[in-house]
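Chemist: Sequence:
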Amino acid sequence: MEGFSVLIEKLENTLKKNRHAALFLSGGSVMDGYPYLVEWLEKNPTLAKNLIIAMVDERYDQNPQHKDSNAYQAEMKSAIMSRARELGASIYTSLTADTFENDGEKYNSAVKRIFKETDAQFAVMGIGADGHTGGILPMDDKRYESLFTGNSYAVAIEYPQSQYVRRITITPYAIKQLDFILVIAQGENKREVITRLVKGSDEPIYKYPSLILRSAKDVLFLSDITIN
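In this note's numbering, the protein residues as written are 1 to 228.
Calculated from the structure, these hints are not laboratory results.
In this text, all values refer to a predicted model and were calculated from it rather than measured experimentally.
Even glycine gets a Cβ: it sits at the ideal position worked out from N, Cα and C.
Listed below are the simulated EDC-like cross-link pairs for lysine to aspartate or glutamate, each with C-alpha atoms no more than 20 Å apart in a straight line: (1) Lys16 x Glu42; (2) Lys142 x Glu203; (3) Lys207 x Glu158; (4) Lys16 x Glu39.
DEER-style ranges, computed between Cβ atoms: (5) Val165 x Gln65: 14 to 24 Å; (6) His66 x Asn228: 39 to 49 Å; (7) Thr46 x Tyr159: 37 to 47 Å; (8) Gln163 x Val198: 22 to 32 Å; (9) Ala97 x Glu188: 39 to 49 Å; (10) Gln177 x Lys49: 21 to 31 Å; (11) Asn189 x Tyr159: 15 to 25 Å; (12) Asn228 x Glu86: 39 to 49 Å; (13) Arg85 x Glu188: 36 to 46 Å; (14) Phe115 x Ser146: 20 to 30 Å.
Assemble the whole structure, with the sequences as input and the hints as a guide.
Modeler: See the structure below:
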């Protein structure tokens, strides 16, 4: 799948130098590319020992194996979690059967530790038709400021109007520190937000959180939408 070859090359450039890398994965349609990551790991099993895999965001439930979990769905799609673990990679999850608040605090500490203990950090992310990315959905300015002003790496957020009310997500602070992000967005219903992301926008980030990606260090953006 286009784009994953670039991500794999960047991972290899880090891991083959005996350096440590982190890979943050997302749910949704981007999971179609995860079998390529599994195939690559199986062909290069010695690289897995220096790799950490974690999630960009997660749908909270006190049952860590609930079927709406992004990690669960990624595993069902490609067996990426179990196969990577078998090959020696470290797997971090934000769901530990603890309370929502405690799991959020634990994941913040875990992601902070991941950034400290790895030499390079990568992610696969998507964007939604509403402009969200990861578990950061559109919200009002005061709430955005209260959640994301500071240096937290992950937070627990409730979205009462969302299908998945409770989310645990990495923050804009963490996203801006990632060394490379593969962003995949497909579908005509995303044309407006894709246009804003590609061309830039005066709209505030709290209204279109995917605009955070314009501030990332290195982004490869792939879409089936042509922007004139």
